[in-house]
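K.L.:
The lines below spell out each chain.
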Amino acid sequence: MSARQVLRLSLSRHRIAGAVAAFACLLAAGLVHAVMPDVWHVQAEVLVAESSTMYRLTAPFEAVPRLKEGIKELPDELTSKARLVALIKRVGLIDQWESTRPWPIRLKNQLMEKVRGPISDADRLDALVAMLDQSLNVWTENDKVFISCQWPQRDVAVAMVQGTLLSLQTLRLERDVKAIESSALALDAQREGVEAEMRQRLEFIEEEQRVAFAAKRWPQYAGATEQLLRDGTRRSELWLQGSNAHLRAQAMARSSAHRYVVIQPAMPPRQPVGASMLTWALALVLGAAVSFLAASVVAAFRSGRVVSDEQVTRKFSLPVVGRLQLDWSGVMVGAEWSTVLPGLLLGLASGLAVAVSRGNPMMALAPTLLVAGAVALWRLPLKWPLLALLFLAVTIDDPTDRPYFNLWRSALYPLGRIFFTNIAWFTGFELAVMGLGALTLLRRLMGLSSTMEAPGVPGPRPLRSALLLSFLTIGWLIVWGVARGGVFREALWQFRALLFMPIVSMLSLLAFDFPKDLRLLGRVLVIGSVVKALLGTYFMYFIAYPQGEYPPHTTGHNDTMVFVVGVVLALVRVWEWPSWRNIGEALLWLPFLAMALRLNDRRIAYVDIAMALGFIYLMSPMHRAKRFLTQVLVAMIPVVVLYVAVGWNARGGVFKPVVKLRSIVAPAADTEEESSNVERDIENFNLLKSWERDPMLGQGFGHAFTEFLPSNDFAQSAFGHIGHNSVLWLLWIGGIFGFFGVWLYLGITSFFFARTVRVVTDVTERVGLLVAMAIILTYLLQSFGDMGSQSMQFVFFVSVAVSIVGRAATRHGQWSVRSVSAVTAPKGPRELVASL
Amino acid sequence: MSKLVLLSIVVGLIVIPIWAARQKHPLRGLRLALLGLATFHLFYAFLVRVVVPRLG
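So the sequences go chain by chain: A and B. Note that the working numbering has the first sequence beginning at -6, numbered continuously upward. Note that the working numbering has the second sequence beginning at 1324, numbered continuously upward.
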């Protein structure tokens, strides 16, 4: 039965439920709109124009300060608590507070006062500061400062923005002029000190002349005369610098009005925040209509009457072979609470959403879409939500990883905030994984797992046991650490990614049916990585470079995995099956990824790719491509050695790859790379020394390692709670036993990979297995190099890799004793063909 | 050199199970992998505590 037929049947039978929902939507929207106070939005814009002429005239030999340096701190300064308090007092908000509140809030306040007693002025001020902190926004874009305020009273909103504008001008004037004046005064003081010394020397010379004349000898003041001459020169320099500074301070004070031009003043708005009457009407009609339809369909399904083929199939376990055509009128079913109530709630929610969003038509759809999403999640196989999470992990920005060097926020940033930062103790990804875990458990309890999970055994038992062991070991390390005085709040940041790894791996093993789903997975990875690469390239060429910024990375540290996997996937496909199609497809996305790798400029990415490709080369059976590559590599050895030797001390040009290689292996002294390596070595030393306290059982989660040697990166490592080298950090946390337990599943995955890759003949499956191992290798290298164990992105990648290997191992009987003969099969597809 | 010693645990975690997987019998191979990994972890602890400090 088509969706149209289901809709038609539902509407004809359950119009009453639909009408109730539509009425509830309109009623809720009307009531909430009547009760909710209006909000007024006022915004001002200031152009900051630093005159370079002023600097050139007053300090011709000093660099003109960059504009951005001056206005970067403004938002924080203008919204500091002290300034907000001053603003509230200036506007007199405390006195007029009660009279300007809308009646529902006044009523609530009166009730609260009766329960808790009268509110003190200090409490009222704190509440106002908190409210203003939320309502007053100051931000900068290039050379402009924006100030906006949303407040229930129009005049107050205008006064707030005007007050902040005044604060901005006062602050800048104070800062510019006072800073220069202080330096001028310091120069004056220094000059006066030199003059005092000069006077003393003159007195000494005169005294010496007198004494020498009386004693009839040559006066001894040659050194003092030379010093006097030097002091004279120094005094002139200080006088010149001091005069210039005074001149600049005066110029700054007088030119202040020209440097801060208010290009949009704080004007009272004509209407409050919200949509126009037409949009309001559209939102209400849309909300009511969607509620009507959704409530009818929900009532139809809840009534127990047949509306879809699936109901018949579920009830009788028989397929539907034919249907009767029903005419439009149908039979209207009487309203019952059980069928009408869900629609009624949906209508109320839609109305509430329209009113709270002040007439946003999209919000009218939100409750229905949420319900539809929840139903879809319940009815869709597990692999779809997991694939969606993987796609999100690959594409969206991770706000904790300084995406785009914090210079730009892509359209995916809001999603990144939901999924990578804490909402109710956990991040969106963690909550989604927990939800999926609970859903899977519930489906299993209800006996629905057969339709929602992939068919077959979800991986070999040792692999599943190793995943369970990892989960339990992390649990033990939390208890162990906290029992030994660790802080749970700190532990939460330490273990979260590690703890979710076995959960997501288990879900992936249950969800994916490999090799059938490999192509789907490949598409998600490729599309995601290309989107990320394009965003990174756009940021560099259209955002950063035009602003004169040359950030050291584009998207983020953890995106290394995204690009590396994309590159390895393209190359392995060509390696395993060098067809024109595979080469063409690889060339479609490789250039984007190569560009992203270059712009992201992570040395470890090149190491990851080289190691992964080297591993794949070693694990592949000897075939034509491998033979050819081996011959080429052997022939190239002298050329490569010569090239590296010649370019070892070069700075770039044709030797750029050698420069990069050197920065990894042995960075030149006094370079950024050398300094970074030294900091890592210091941190590794601190970790190893801390580990020595309990090498077998470890410290447990919730502790910080000791800073035996001072390190500049100590703050970056959350003050010793998270080490850059996740391998040594995990050894310190878990000791040998903990480390073994937490990461044993990686070893078991390698074990099953090696057993399976020898018997797999399907090219797609081989590519999947090799890429899976490349992911695990990259994860381990990234963990060794730069906090790889702390990323939720890696959790999804590694989990998928584990599930590819696990599923392939069971599919090819690599944990069955009966399959011993299979292990003795030829090593690869070419050998299989050859043996035939 | 000391960095290579520190990195050896990553290599061991991959290479030892692959080496053990050459056994015909899967259970025997798995036991060998577990034994190999456990032994290597202990050996690694020895390397880090004794050898790495001497390498500087």
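Derived from the structure by calculation, the hints contain no laboratory data. This structure is a prediction, so every number in the text was calculated from the model and none was measured. We treat Cβ as the ideally placed atom computed from N, Cα and C, and that holds for glycine. Be careful, since some hints might not be right.
Said to hold, decoys possible - Derived CB-CB ranges, DEER-like:
id, chain 1, residue 1, chain 2, residue 2, range
1, B, Pro1376, A, Asn705, 19 to 25 Å
2, B, Lys1347, A, Asn705, 51 to 57 Å
3, A, Phe309, B, Lys1347, 48 to 54 Å
Claimed, not checked - Think about it this way: if two alpha-carbon atoms lie no more than 30 Å apart in a straight line, the pair counts; the simulated DSS-like pairs of lysine-lysine are:
id, chain 1, residue 1, chain 2, residue 2
4, B, Lys1347, A, Lys619
5, B, Lys1326, A, Lys649
6, A, Lys653, B, Lys1326
7, A, Lys682, B, Lys1347
8, A, Lys209, A, Lys74
9, A, Lys509, B, Lys1347
K.L.:
Are the hints correct? Go through all of them and say.
P.N.:
Evaluated hints:
1. A hinted range of 19 to 25 Å holds for the C-beta pair Pro1376 (chain B) and Asn705 (chain A), which are about 23 Å apart.
2. Judged by the Cβ atoms, the range 51 to 57 Å given for Lys1347 (chain B) and Asn705 (chain A) holds: they are separated by roughly 54 Å.
3. For Phe309 (chain A) paired with Lys1347 (chain B), a C-beta distance near 51 Å keeps the hint of 48 to 54 Å intact.
4. With a CA separation close to 26 Å, the supplied pair Lys1347 (chain B) and Lys619 (chain A) stays within the 30 Å bound.
5. For a cut-off of 30 Å, the pair hint linking Lys1326 (chain B) to Lys649 (chain A) stands: about 25 Å separates their Cα positions.
6. At roughly 19 Å between alpha-carbon atoms, Lys653 (chain A) and Lys1326 (chain B) fall within 30 Å of each other, so this suggested pair holds.
7. Distance hint between Lys682 (chain A) and Lys1347 (chain B) is unfulfilled; the C-alpha atoms sit about 42 Å from each other, more than 30 Å.
8. Our distance criterion of 30 Å between C-alpha atoms is broken by Lys209 (chain A) and Lys74 (chain A), whose separation comes to about 75 Å.
9. Our distance criterion of 30 Å between C-alpha atoms is met by Lys509 (chain A) and Lys1347 (chain B), whose separation comes to about 28 Å.
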